[in-house]
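Each chain, letter by letter, is given below.
2 protein chains.
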Amino acid sequence: MRLVKSGGGEVLLDLLRNQSVDVRSDCGGLGLCGKCVVKVLSGAFSESSLSERRVLGELILDGFRLACQTRLISDEALVEVPESSLTTSYKSVDVGFEKPFDLSPLVRKHFLKIPPPSLEDQRSDLSRLLSGLEAPKIPLKLLRELPQILRGCGWEVTATLRNNELLDVECGNKESELYGLAVDVGTSRIVIHLLNLRSGETLAIASSPNPQQVFGPDVMSRIAYVSSSLERLEVLRQDVINSINELILEASSKAGVRPENIYEVVLVGNNVMTHLLLGVDPANLGRAPYVPVFTQGLEFRSGEVGFRINPNGYVYVGPGIAGFVGGDAVAGALAVGLDECEVPCVLIDVGTNAEVMVNNGEELYAASAPAGPAFEGFGTRYGLKAVEGAISKIFIYFNEASGDYEVRYEVVGGGKPLGICGSAYIDALAHLYKHGIIDERGRFKNVVSRRLKREGDQRFVVVWGGESGINEDIAIYRDDIESLLLAKAAVASVTQIVLKEASIGFEDVGKVFIAGSFGTSLNVENAATIGLIHESWVNKAVFVGNTAISGAKLILKSSIARKKAEEIARRTKYVEISANKEFTKIYVRNLFLPTSKSSQEF
Amino acid sequence: MRLVKSGGGEVLLDLLRNQSVDVRSDCGGLGLCGKCVVKVLSGAFSESSLSERRVLGELILDGFRLACQTRLISDEALVEVPESSLTTSYKSVDVGFEKPFDLSPLVRKHFLKIPPPSLEDQRSDLSRLLSGLEAPKIPLKLLRELPQILRGCGWEVTATLRNNELLDVECGNKESELYGLAVDVGTSRIVIHLLNLRSGETLAIASSPNPQQVFGPDVMSRIAYVSSSLERLEVLRQDVINSINELILEASSKAGVRPENIYEVVLVGNNVMTHLLLGVDPANLGRAPYVPVFTQGLEFRSGEVGFRINPNGYVYVGPGIAGFVGGDAVAGALAVGLDECEVPCVLIDVGTNAEVMVNNGEELYAASAPAGPAFEGFGTRYGLKAVEGAISKIFIYFNEASGDYEVRYEVVGGGKPLGICGSAYIDALAHLYKHGIIDERGRFKNVVSRRLKREGDQRFVVVWGGESGINEDIAIYRDDIESLLLAKAAVASVTQIVLKEASIGFEDVGKVFIAGSFGTSLNVENAATIGLIHESWVNKAVFVGNTAISGAKLILKSSIARKKAEEIARRTKYVEISANKEFTKIYVRNLFLPTSKSSQEF
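Chains L and B supply the protein sequences, listed in that same order.
Under numbering that gives the first Met the number 0, the final residue of the first sequence carries the number 601; numbering is consecutive throughout.
Under numbering that gives the first Met the number 0, the final residue of the second sequence carries the number 601; numbering is consecutive throughout.
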């Protein structure tokens, strides 16, 4: 229940959004999609419109209204916004859902007032500092500095420990200056979060493109690039390390944190990214049977890896599963609690690779398939990532007044459109199919519309040149649809195969977590319309954002979460798609858009 | 029971020694000391001599003989040598007694025939290698080499592990090439033992003087030398590291071992030696309250310390107790099983510092006092270490024929004498006192003897110039006796104080372990005569040799022994002598040689 106040006559949708209530509006406020339905409890409103009555029917009598069609006339009103009218998107591709864990980081600080030595108490400096700690460890350099530090600080110091190893000794009480970094090294994007490990708070977020992109857009091309060249491997390693060091500087200065007070980095990524970052040759991941050098969670001294944090600090590389299911997927499973679902549940992470993990109530399964870059804004004529200027949502409708199809869209940042991102392509595909403009093979049908251009390359115009920021039409081409169908076929097929391996059907699934940069504005009904997800999953889907980074944060903040990540990695059965004899058959079927018939057998 | 065979008429003592039976003979075969008593069971022997009958009395009737006075006449004979007639000395100062422990080194090797990867088994290289090992660790460099090694070796490799960390991967079966080093860094001497950790066997021993000696003969002078100079500390650190690296090369080449196959070094030493070796400033050990920087057992990567073994190998510095009771003393306690005595027991390690540890049946106690270098062959006129040419035993007797005192002695290596070592000084002191040549204050009495020179510096001639290897008389001077009494007072006093702290008397002690280079030829009766040890301990004393090195070997060979060493270090109560108000009183009393009266109250 929400109290809204009016300056006079504003649209309810705008009033709610100004209060940061994320009300859905797929059609962009035309009163057509019916997603912005709210219930008015008090206050005076404008009369219901024709479209409103058409969409809501008898619900109007129970006080339901479309927020986009309703103006508030009284000074204030009480309004109830149903769950189903809210979007659960993440504002940024750099954050994600995080299951709560108790704060129990591996590094901790203790402020100590140490009794100075005397003839009655001759314990060594180290025993005095770590009184009672058995089998302590200490880097030799710190041991050499220890007597000076203790005496110079008047025996009042803060000791930083990780397990039983002493990492740092500082003068005075520095307990609050305990920081850690979570890092998600994606194929195309690096995200870091700087955390206060005493409070659990996130102090700063920084991100940048993965500089290795110039050597190949996807993991396979990067493997090919470094293949049998240690020099190239070293270049790629340096590039990503330098980028992360720059992000560390950026985040530390934003948060006013000294990098020396960062004691641990938890890093996740797909297996190729972690191999390249550590300077480990990923060649054998590039050919059957696709074997990584390591998948276990491994820890290294910060200097060994090359990160500029406390020199005695550690880098923990989160555990992966096998082949192309890496630590980012495990982090995602950890973040959403995939291992603890009470009903069978699924995690779908759509990136250049699509990873699907399933918990059938007993066992965990994972698989991965290359989806191609279409959903990520590559390989389509006007494709863009979800950056400023990208169209993130598309709504196509038939305007009876003009007698033609019209398009509403949303642009990231609000300016003139420059291109189309993955979620909007899915919207467009779904709407073109629903309106009969394309058939189930994605071919343009014989429909009359100014927007459907048949001369030259066939295309459907989304934005006329006069409205666009690039002074030309922004359109969806026949080839784009082909690429999108290939990508959706990959995701749908890998989902299907994993479910089959887990011996459950689509209807058995109780919850579907959709992760990846995608989740920020994906329309789940449209995803179901094109068959990216099963139609029965529309009301079970939850958008969880970038769960690679949120899982990495959990591992950083909680030693229990770290153990759980290792357990998830160990428990999960890897399903190799290339070894699956049915894959091609399923994949070819999924290249079609679902019909009511195909949907049944799906 | 031993069968001896004769070529005709040889002395029984020689026949037995030729068989490596170490029969005692304090007087050097004069038939005076009675230490070489044996029982003859069969065979024909020479008639008993006068001196034999005087020494043995009625035992002659039971078949007992002095081996030095008895010639074998028949071709062969059966002889029984009682335990008390055997010396239990160690042939070298570089070895010591070792309580048996099961072989369970921390590093171990496993030869593995690994199934190559396939689409049915896509585990990572590391999982495949360490199948089933949880939370493995691996140095980054080795991880980078791993895929090449595994494939280059056709998946048949030997993995070297320490705890859960992979240190090495080699082609083929190299299980037998698993080596470790035990190192005893003494103030004046460095000893290393190269061990096969698969068999437990010692393959080579190497030793050298501690090169830091040129910067000061004892710990205090070395602390003073490096005090507040990081450059000097670094010079001393480098010196000892270089020496040990040379010994490692020497021992490895002697044993035909590649230094890369040495995976662990266990190093013990007093706290000043371990501090200097690690480059840790020992300044606070040089002034009250004598606090070391560390006493705990600590481990470092070999490269961190600077040892040239496997680069991924480890150096474990054994735990010490406090102040001047270091890891060498703990290793000693471990080697003799001091913590497990069924009756109260004592370990005395006499070096430049004397360390005494006591187990009173419940608790362990330890203390240390600087004994000065007199027992080690320094600071006396003709003092020598127990090296070739040093007199190691002295026997003074009154020769009725000549009407004067005569001296028998043993020389290390058998050549002409060059000087006198610690154990021989103790013999001399005891005999001079027993014969009334010196009084209880160590002053020469008014005795008539050609050997007693009163002109100039008073002295007693042990070897006449004509017999000596230096063409001058080798004598014991009044000042020498003074230095020896200071040293014996230190040992006796620290023993007394520790016993008092442990609430037990001399008679309560059931076993006395005498360690140090000393133990090789110390005459326990003479040690009691001068009050170095209590008279009631004569039959309880066992010589255990260099237990610092033997304890270090145990720590290397057995992880159970390692835990026990840490437990001993933790359990032992340190008794600070400088804080003990009674020490001076007791010390002054111990400067006297014991009289029957003083011995009572002792």
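Worth flagging that the hints you see were computed from the coordinates, not collected in a lab.
Note that the structure is predicted; figures quoted are calculated from it, not measured.
Some clues are possibly wrong.
Taking lysine to any residue pairs in the SDA-like style, the calculated list, with each CA pair at most 25 Å apart, reads [said to hold, decoys possible]:
(1) L:K572 / L:K584
(2) L:K580 / B:P114
(3) L:K444 / L:Q495
(4) L:K136 / B:P114
Results for each hint:
no., hint, verdict
1, L:K572 / L:K584, "23 Å, holds"
2, L:K580 / B:P114, "24 Å, holds"
3, L:K444 / L:Q495, "29 Å, violated"
4, L:K136 / B:P114, "37 Å, violated"
Hints 3 and 4 from the earlier list are contradicted by this structure; the remaining hints agree with it.
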